[in-house]
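Q: Sequence:
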Amino acid sequence: MAAIDARGRNCPQPVMMTKARVDAGDKEVEVLLDNPVSASNVQRFLEKNGFRIRMMDEDGSIIVRGVKEDSVPAEDAKKEEPAAAKKEVPEVKSEQPKQSASRGTALLITRQVFGGNDAMLGEILAKSFLGTLAELSDPPGVVALMNEGVKLALDNTSSCEHLAALAEKGSKILVCGTCTNHFGITSDIGAGVISNMFEITDALLGSDKILTV
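In this text, residue positions in the sequence shown follow my numbering: the first is 294, and each later residue adds one.
Warning: the hint list may mix true and false statements.
Unchecked claim - Derived pair list, reagent style BS3-like, types lysine-lysine, alpha-carbon separation capped at 25 Å: (1) K312 / K361; (2) K320 / K361; (3) K320 / K341; (4) K361 / K341; (5) K361 / K420; (6) K420 / K341; (7) K502 / K361.
These are computed hints drawn from the structure, not numbers from a lab.
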C-alpha cells in the first residue's frame, strides 16, 4: 500500500500527491490529511478513478484509504475494518448533479458582482445572470467559482439558490476551497462542492469551451 503524508499541504497538493501514486500504478493508497476539505477532494479524485474508499479519523488526523475496485476480492469487499479507536469522518456538504447537463460549456466566475464600479448594480446583474442560467433547459456542464466569486455560493442567498437549482439540472458547481478558506467562509457555503485547483482546472479543460465572467 502506498502511504502518502499530505498533512500541512495546501490544495491541490494532496490531490496531486495522490494522483502521482495512482499514475504510478498503485492499487492501494492511504492518504494522511489534516482537514476535511482536502480529505473530500482526495476522496472524489480516488472515486473518479475507480477506487473503493474508506475514511477514518485517527489521533486527530484524517485517513483516506482507497483500493482499486478491480483489485478487491468479492468476499473482502463485504468486510468492514475494525473500528477501534477510529471514527468515520463526515463528508463535506456538497451538491452533486442529479440530471444530465451539457458537458460542452464551462463557466468560470471570479467576481461576486458583474460590471464596473456600481457594486449594487453589479450584484443585481450577477444574481440575475445565475437565475437566468438556472432557467435554461441546457445549462453549462461546469460552473467554477474562484476568488470573490465563491461568495455567490454563500448559504441563504438568492445566488446560492440559483446555483443549487443549476446543480439539480446537472451542472457541476465547483467552489474553490483555497478561496473560501481565505475569506473564512468555508462552513457557510450552501451550494456546490468545495473543490481544489486540480479538479477545477481538469473540469474546465475537459469542456469544449470556457466562458469567464
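Q: All hints, please: hold or fail.
A: Each hint tested on the structure:
| no. | hint | verdict |
| --- | --- | --- |
| 1 | K312 / K361 | holds (13 Å) |
| 2 | K320 / K361 | holds (5 Å) |
| 3 | K320 / K341 | holds (14 Å) |
| 4 | K361 / K341 | holds (11 Å) |
| 5 | K361 / K420 | violated (42 Å) |
| 6 | K420 / K341 | violated (32 Å) |
| 7 | K502 / K361 | violated (32 Å) |
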